[in-house]
Amino acid sequence: MPEITREEVAHLARLARLALDDSELDVLAGQLDVILGAVAQIAEVTDAADVPPTSHAVPLVNVTRPDAVVPSLPREKVLAGAPAAEDGRFRVPRILDDSA
Amino acid sequence: MTAVPYDEALAEFEPVIGLETHVELGTASKMFCGCATEFGAEPNTQVCPVCLGLPGALPVVNETAIESTIRIGLALHCDIATWCRFARKNYFYPDMPKNFQTSQYDEPLCTDGYLDVLVAGETVRIPIERVHLEEDTGKSLHVGGATGRIHGASHSLVDYNRAGIPLVEIVTKPVTGTGTMPAEVAKAYVTELRDVLRGLGVSDVKMEQGSLRCDVNVSLNRPGQEWGTRSETKNVNSLRSVERAVRSEVERQAFRLRAGERIVQETRHFHEDTGMSTSGRSKEEATDYRYFPEPDLVPIAPDPVWVATLKDALPEAPSVRRLMLTKELGLSDNDSEAMVNAGVLDVVLATVEAGTSATEARNWWLGHLAQSANTAGVDAADLPITPAQVARVVALVNAGTLTAGLARQVVDGVLAGEGEPDAVVVSRGLAVVSDEGALAAAVDEAIAADPDAAEKVRSGKVAAAGALVGKVMKATRGQADASVARRLVLERLGVTADLS
Ligand SMILES: [Zn+2]
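In order, the protein sequences belong to chains C and B. Everything in the first sequence is counted per the numbering used here, starting at 1 for the first residue and increasing by one. Everything in the second sequence is counted per the numbering used here, starting at 1001 for the first residue and increasing by one.
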């Protein structure tokens, strides 16, 4: 069975910007193991039946639209949901730590 | 000194280069929503729930973006996928509101092509790995630090107008065998690629506005040894800088390798002002993007029949048009290559098409306009003047309305945003003055100011009239019709004008 390590969970958590403490890492490692085991079971069945992996539930291709401009949102509405705004722009905390 | 001179470095090491070029397509609307794509609009006025990544918003693919990408792939002799998917590239950055970029991963629209470029009279074939379609990010303005740099900023302000504009990424395979000219080859490739894209009409390819951007990969190895570790220099935003970025990286890496050091695999940032790059993100921070197929977009399956019609309708490649230019217009190979190197081939052709001779177009684009571009630090083709406007100035010169000097002033006016050539002639008062009444006073003043010259002319030394004509030209700020001024000077001094 898949064995996901605490280090792997910690790595994924870091990529997803989730702050997990040690006990949470243990719990999630176990849960992820169960989930990956379930997926592996499906893979066993589909491999045996030679079913290609599916990424979409509908048998459609080429759903497109013509290159036409439609009105955008008014800026007040755009910025209404921003935690902070300045000069018509979204204001975000500094991007780099200056220790870098 | 922390660099080995370029030529010396390349005598000792073999370069391997790679280029990733991002092209903003010139579609009217964005990649997955109907927001406009106009450059320079007020911040956050061209955004909607889709391109802001608001919950529940669903993307729909812009069909023109697909078509443009396939046309680019065809022009680069690529295979076109018969079935492919978009993928999510997951990472966090404030300029990307969805927290993932919709891109393509292992199923690009176009693969395995090439582009031939001319370097120092030789054709070099640049192999193309892939051409795929993705979306651009927003733009950040860094506040509180020095000169807008991200380092030392207290906070940043983000404009999402650019987020979601269709972006095509064109990736070369590693290019070997460039010998002593990796920088020249890199520049020639980007120049040629830009001409191809402009010819296709899929993008305005303005490097200074960021609609064409380059990342440059460089590694060095000693002959016969394995390829070295490569660095990736980002943020290379002019043709000149493509060359400078490769050159400075060759010089830097050669210094390290000679000193027995290792090259660190890293991302470097190029600075237009210094022509140097600085170290950016290093390997330990390198991101794991966790790509997976985009569930909100169904696959793209281009109909091969449609692709064939797109292929048949492709315009002539710039290399073919260049041959035509050289042969039919009687320009020399040197001129032709000079135009390619300056990136002005297409604008020269367009200027000829707008009615000038090949020589006139050449002289403007390799002369005054090239100088103006150099002064402004942009590529000549990106100057704010159109081939039609250049052709109009040429027509005004040929009609006798402008002298060569006045024509340059008119062009400067157009470049300064003063409007069309005819409007600049009027607003700056630049037309040639051939009206005799208007010139008479200047002629009299010139004669009064230089009695010696006047006397010589009276005594038959007609050549001395040149000094007087020069004074008239100066007094009229170059606007006098020189032949009329000369005739008036001679008449006034009792010499029969000889206009032959
Ligand atoms: Zn939008």
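Calculated from the structure, these hints are not laboratory results. Be a bit skeptical, because a hint or two may be false.
[Stated by the list, open to error] Cross-link-like lysine-lysine pairs, in silico, BS3-like; alpha carbons within 25 Å at most:
{"id": "1", "chain 1": "C", "residue 1": "Lys77", "chain 2": "B", "residue 2": "Lys1139"}
{"id": "2", "chain 1": "B", "residue 1": "Lys1471", "chain 2": "B", "residue 2": "Lys1456"}
{"id": "3", "chain 1": "C", "residue 1": "Lys77", "chain 2": "B", "residue 2": "Lys1098"}
{"id": "4", "chain 1": "B", "residue 1": "Lys1089", "chain 2": "B", "residue 2": "Lys1139"}
{"id": "5", "chain 1": "B", "residue 1": "Lys1173", "chain 2": "B", "residue 2": "Lys1311"}
{"id": "6", "chain 1": "B", "residue 1": "Lys1098", "chain 2": "B", "residue 2": "Lys1234"}
Evaluation of the provided hints:
| no. | hint | result |
| --- | --- | --- |
| 1 | C:Lys77 to B:Lys1139 | holds (19 Å) |
| 2 | B:Lys1471 to B:Lys1456 | holds (16 Å) |
| 3 | C:Lys77 to B:Lys1098 | holds (18 Å) |
| 4 | B:Lys1089 to B:Lys1139 | holds (18 Å) |
| 5 | B:Lys1173 to B:Lys1311 | holds (23 Å) |
| 6 | B:Lys1098 to B:Lys1234 | holds (23 Å) |
Comparing the model with each numbered hint stated earlier shows that all of them hold.
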